[in-house]
Amino acid sequence: MTTVALKPATMAQALTRALRDAMTADPTVHVMGEDVGTLGGVFRVTDGLAKEFGEDRVTDTPLAEAGILGTAVGMAMYGLRPVVEMQFDAFAYPAFEQLISHVARMRNRTRGAMPLPITIRVPYGGGIGGVEHHSDSSEAYYMATPGLHVVTPATVADAYGLLRAAIASDDPVVFLEPKRLYWSKDTWNPEEPQGVEPIGRAVVRRTGRSATLITYGPSVPVCLEAAEAATAEGWDLEVVDLRSLVPFDDETVAASVRRTGRAVVVHESGSYGGPGGEIAARVTERCFHHLEAPVLRVAGFDIPYPPPMLERHHLPGVDRILDAVGRLQWEAEN
Amino acid sequence: MTVMEQRGAYRPTPPPAWQPRTDPAPLLPDALPYRVLGTDAAADVDPALLRRLYAELVRGRRYNTQATALTKQGRLAVYPSSTGQEACEVAAALVLEERDWLFPSYRDTLAAVARGLDPVQALTLLRGDWHTGYDPHEHRVAPLCTPLATQLPHAVGLAHAARLKGDDVVALALVGDGGTSEGDFHEALNFAAVWQAPVVFLVQNNGFAISVPLAKQTAAPSLAHKAVGYGMPGRLVDGNDAAAVHQVLTEAVAHARAGGGPTLVEAVTYRIDAHTNADDATRYRGEGEVETWRAHDPIALLEHELTERGLLDEDGIRAAQEAAEAMAADLRARMNQDPVLDPMDLFAHVYAEPTPQLREQQALLKAELAAEEEGAHR
Ligand SMILES: Cc1ncc(C[n+]2csc(CCOP(=O)(O)OP(=O)(O)O)c2C)c(N)n1
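One line per chain: the protein sequences are B and D, in this order.
The opening position of the first sequence corresponds to residue 1 in UniProt numbering, with each subsequent residue numbered one higher.
The opening position of the second sequence corresponds to residue 1 in UniProt numbering, with each subsequent residue numbered one higher.
It should be emphasised that the hints constitute simulated quantities derived from the structure, not laboratory data.
Remember, it's a predicted structure, so these values are computed and weren't measured experimentally.
Here a beta-carbon is modelled for each residue, glycine too, at the ideal position from N, C-alpha and C.
Hints may be right or wrong, so weigh each one.
Label pairs and their calculated CB-CB ranges [stated by the list, open to error]: (1) K185(B) - T250(D): 55 to 61 Å; (2) L369(D) - D236(B): 42 to 48 Å; (3) D345(D) - G79(B): 22 to 28 Å; (4) L63(B) - A295(D): 34 to 40 Å; (5) E138(D) - R258(B): 49 to 55 Å; (6) N189(B) - P14(D): 47 to 53 Å; (7) R258(B) - A352(D): 29 to 35 Å; (8) P62(B) - P356(D): 37 to 43 Å; (9) L39(B) - L346(D): 43 to 49 Å; (10) L365(D) - K185(B): 21 to 27 Å; (11) L369(D) - N189(B): 49 to 55 Å; (12) T24(B) - G229(D): 38 to 44 Å; (13) L63(B) - A258(D): 28 to 34 Å.
Computed footprint of chain D on chain B; a stretch qualifies when at least three of its residues, placed anywhere within it, have a C-beta under 8 Å from a C-beta of chain D [stated by the list, open to error]: (14) 48 to 62; (15) 73 to 79; (16) 88 to 99; (17) 111 to 117; (18) 122 to 130.
Take these sequences, add in the hints, and give me the full structure.
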């Protein structure tokens, strides 16, 4: 029996590997964006790909996000599978017109005749000390647009599996990369990287009995840490990593909350009009009779993303999560 | 010495890739729109082509009047007529080979029909039974595009992809004068030139973007001049001269096909009808201006040329009109039938597989429809 070495790898490395494997497996996969070629992307996720696959398949485009996504639409119309990199969350906004008016709805407007298999990689979220416009959590905009899948990995293995699944999807996928997890390491077997279940399945990262933390992307490690810390106060927390925001895995989430009777949704983006409101409503609709307390949200403040020296006050951390968990003792207080 | 004083004296060595691509002079458009009809150049045009253009123009004009009439009968939600611009529409469709792609804007139904699209299916968007009524692959016509200029980068991407695959395919994209102010116009032209994509941009400068005249849209000497800054040729053509538009586009398409890269063509024309049937054009222009352009009507120009040269007589004119009338009658008859719609289609084409959330909503609508049906039978 051979034992496979599980070596530590970073999320960025797993993403690179996913791109390389996808390009090797399918000659129609093209990578394009600003600085993705010679430089390998500002986060080095496309490192080495231009050398390996050539400039025709790994293209440094002019600096124009609408143009990048708009030309990707035409390329997909002609049978290619473009993987587009948006350099930072807030710099994807110039491409929203193309995204919302065309990418998301080309299948629909052509009655299925013209699906667009485009993957849009967006490094998102804060925690890396980025200056203004480098730390937005823009997932609510994408979630609000029918026709897009929206996924975000929280582990090295998921980064690989989800990106492969996104590129293989015949529908456009917004692939949100939690940039503060790019350098997070996990033991991972780069010799035999595994895929994931189809897009749309959440996963229970930690089982527990007294409450569920529902979260995704950059907040998953924070929630796991909070769950460990909470044991000291007698809480046994379950942590659900959504992985996919669209489609939403109601089943896994509702099953968890029915078991625990309590839930907190945790994410970095603001709470007003944010993903947490939607998630809390869905949980309430499905689990009302099982709930011992209202579904709470721990989110970023409803402010433009703060300057780097203040961001630690904005980002939901362990303490804020534990406070919310404490408030789940609803009937005792009321 | 200040920096300003150094000017001219000091010039740093630019990085190696920093070289002007081309001498701008050959890229510049002529001062006046290129014309064929009524000039010596007309003698060189194949008479069969002139006759074909004429028949298509007459048919196109009839299509516009019929579709406008259908809005009055409530059969079309809205119709943006291209009356006056038929020469551009028809030439755009006719210069392309079957394997090429056309990227129309919302006003270019006629170009799509001239390319072979079923006249009824081309109106689906405007009737409102679905968004695109045809399979874009069938005639290689992209969906009629409502957000202005957003189809231009698609054309560039498609042409680029075709070239990467080694296919001999050209994309021709249509846009209005107003659309040239959009950011997507700029990004598309820039990408096309940098990638040397086999794409042709045809601006139909019909004078207005709804009510806003060209002078408030741009300060450029012409829209064709915009090409130069991107490093592609700009061509100015009389948009009411079908032979001239056909010739200029044919050259641009051949240039693209031969690997020469993109061209920006500005066709100077005029929108005779209002922006759409819902618009009141008297608020922003006088009838005198319209009359001037009526005198420069694309059909009249071509008819004059053909009859002068003995290539068309009364019978020929009547034959073209009868063919157009037959098309209109067929369009009328088919548009007067109520389309059969399946509400379940609402959920069918959002994703390859409906999400669980969509399945739930689909079940809700199904139940509502069943209840409606039951109520109707009670
Ligand atoms: C992005 C966008 N903004 C505004 C509109 C509304 N609109 C529809 S047509 C039009 C004018 C377009 O003028 P032009 O590009 O000259 O084309 P024309 O109508 O003359 O053919 C406007 C403003 C639109 N369709 N898309």
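Here is how each hint holds up against the structure:
1. K185(B) - T250(D): 55 to 61 Å: This hint holds: roughly 60 Å between Cβ atoms.
2. L369(D) - D236(B): 42 to 48 Å: 47 Å, holds
3. D345(D) - G79(B): 22 to 28 Å: 25 Å Cβ-Cβ, so the 22 to 28 Å window holds.
4. L63(B) - A295(D): 34 to 40 Å: Hint violated: Cβ distance 47 Å, outside 34 to 40 Å.
5. E138(D) - R258(B): 49 to 55 Å: 50 Å, holds
6. N189(B) - P14(D): 47 to 53 Å: 48 Å, holds
7. R258(B) - A352(D): 29 to 35 Å: For R258(B) and A352(D) the Cβ distance comes to about 30 Å; the hint holds.
8. P62(B) - P356(D): 37 to 43 Å: With Cβ atoms ~40 Å apart, the hint holds.
9. L39(B) - L346(D): 43 to 49 Å: Holds, at about 44 Å.
10. L365(D) - K185(B): 21 to 27 Å: Given range 21 to 27 Å: violated, Cβ gap about 48 Å.
11. L369(D) - N189(B): 49 to 55 Å: The hinted range 49 to 55 Å holds for L369(D) and N189(B), with Cβ atoms some 51 Å apart.
12. T24(B) - G229(D): 38 to 44 Å: Between T24(B) and G229(D), where Cβ atoms are some 40 Å apart, the hint holds.
13. L63(B) - A258(D): 28 to 34 Å: 29 Å Cβ-Cβ, so the 28 to 34 Å window holds.
14. 48 to 62: This one holds; 3 residues, not fewer than the three required, reach chain D with a Cβ under 8 Å.
15. 73 to 79: With 7 residues close enough to chain D, the hint holds.
16. 88 to 99: It holds, with 3 qualifying residues against the three required.
17. 111 to 117: Holds, because 5 residues of the segment 111 to 117 of chain B bring their Cβ atoms closer than 8 Å to Cβ atoms of chain D.
18. 122 to 130: Check failed, 0 qualifying residues.
Of the hints listed earlier, those the structure fails to meet are numbers 4, 10, 18, in rising order.
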